[in-house]
Each structure stands twice: as C-alpha cells, then as structure tokens.
Amino acid sequence: MRTPLSLLALSLSLLSAPGAMALSEFGIEGMGVVSTKANEAQATIAPDGKRIIWASDRPGGAGGWDLWQATLRDGRWQDPAPLALNTAGDEVDPFFSHDGAWLYFASNGGSGRGGFDLYGVMIREDGSFGTVLAMPVTVNTAADERRPALRPDWQVLLFARNGKGTQGGFDLFVATAQGRGFNAATPLPAPLNSADDELGGDWLGNGGALVFTRMAGGHSQVWQVGCDYGAAAVPLGLSFNTADGQTGAPAVDASKPSEMVVAGQAKSPKAGGLDLYRLRTPAVAGCG
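Going by our numbering, the first residue of the sequence shown is number 1, and it counts up by one from there.
Honestly, I wouldn't trust all of these hints.
Derived DSS-like pairs (lysine-lysine); straight-line CA-CA distance at most 27 Å [said to hold, decoys possible]:
hint	residue 1	residue 2
1	Lys37	Lys50
2	Lys37	Lys267
3	Lys37	Lys270
4	Lys37	Lys164
5	Lys50	Lys270
6	Lys256	Lys267
7	Lys256	Lys270
These are computed hints drawn from the structure, not numbers from a lab.
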C-alpha cells in the first residue's frame, strides 16, 4: 500500500556556499536550485561538502518523488539533476554514509518486501552509482521502512517503521551492525516512541542523542532528545517549528556537523511549498 507523500506523510544553499555566511536563526538552502516552487524534503550533504542530494516532487524526474543532486561550484549549489537510480515509484530519505562511500535511501519502486524499503548504493570514485542493494531482512519487512540514518561510528542504524508492534503509526527503530549486515531491529522505548508518528531523524554525534520528526493531529514538528530516551523530548527551538506547522526531515550536515538542514515552511525566505532550511545543530547536554 503506497504511503501518501507530503511532508506530513513522507512517512510521513544558501545562495553562497553552505555555511559560508553567518547564520542568523536559519537560511534557505539553494534558492531556485535546491529549494524551488516544488516541494523539497530530506536533504543529505556529502562529507566533503561538495554534493547535496535531496528528495523532490519537481517535474523532470522518473515519477512521483525522486532523488535530485547538485554540486558545489563557485561557492554555490549548481546543476540540479535527478539521480539515474530513480524509478517510476517514489525515492525519498537520502543519507550519505560518513565516509561518503555509500548513499542510503527509501523507495517503494523496487522489488522490496513491503511498501517502502531501505536501500544502499556504493558511490564510485567518479561520483556515479553502483548497483542498488536492498537492506537485509533484519531491517526490511512487509511494513514500511523509512529514513535511514547511520550513527557516525557505523555501529547503529536508525530508521522509522510502521505496522505490527509499534506504539503508533511509525516508530523509531535501531539495528546494530553485525559484520556486513545488521542484527534484528528493535524499537526505541516510550516516551520517545508514542501514539503519534515518529518519522525518523538523525544522530547528534556518537552518544545517542537524536533529532527526529513527530507527527500529531495532521502536523509535523522536529523534536530533540538526549541520550536518556526515558527523558521527555522537546521541540527544536526554531521559529517555524510549531505544533500547527509542517517541519521535519532533520539531517546534520556531515561536512559541518555544527549545522543541519530541515524541511519546512517558513514565512520568509520562501521558494515554494516545502523548502529546505539551514540552521545550527542543537547542543545536547548529558551525552558522552
């Protein structure tokens, strides 16, 4: 069963170089190149800072939502183009490994086990992509799997899953690394997972702290939690990250971990529907 794709159900660059100008509260990412009149969601930036990949429903792709890329040239994101691995289905939730050698993403257009499944593809030295590989059965199931995010030390995969055994629609799951694969995934505890939808997020370092998306009442919001998952999560401090808004898809910039990118709808600056915004990564106490 296909999952509706707005930010609510995506279970749911700056004009100069990323981070080259001082951030105030936030800045729009790649006006007219990355952020456009279409909807953009879930960006990932290569560890060398020279490539950005994101999901968009703009025309020119293979169909539905596709993965797009742009490269950093003359201090700006330029030459947006769809990835060759896109299918007639939906490709979303891109994530670069922390050495830049792999791209992980979710798709409902492959020969997977359920609706959305997680995939990985090796990035060759010339920047092209190898063969797309499905994640193992310890991760992919007949349910939907979304939003893969490897911890920087490669030891734990964070993602979202719906279906049997969850507290709500989507919950956050983790799978620990085992050789070339992963052990069976387990859900994170309450109150981190709740009756609402927890739609995946990203790691704030190696300690276990997270930023993630939570959906409730038809709206989405970015939350953060420290290493104690038994403690209450709190909304990310950002003016348009409100309980009645649409903000989500937080992703730390691997080339500059002090900054991150979210998808949302700020009043200004604004390019179209959902845009991508750059802001400072929150500091989290009590981890380490």
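Hint check:
{"no.": "1", "hint": "Lys37 to Lys50", "result": "24 Å, holds"}
{"no.": "2", "hint": "Lys37 to Lys267", "result": "14 Å, holds"}
{"no.": "3", "hint": "Lys37 to Lys270", "result": "9 Å, holds"}
{"no.": "4", "hint": "Lys37 to Lys164", "result": "37 Å, violated"}
{"no.": "5", "hint": "Lys50 to Lys270", "result": "24 Å, holds"}
{"no.": "6", "hint": "Lys256 to Lys267", "result": "26 Å, holds"}
{"no.": "7", "hint": "Lys256 to Lys270", "result": "24 Å, holds"}
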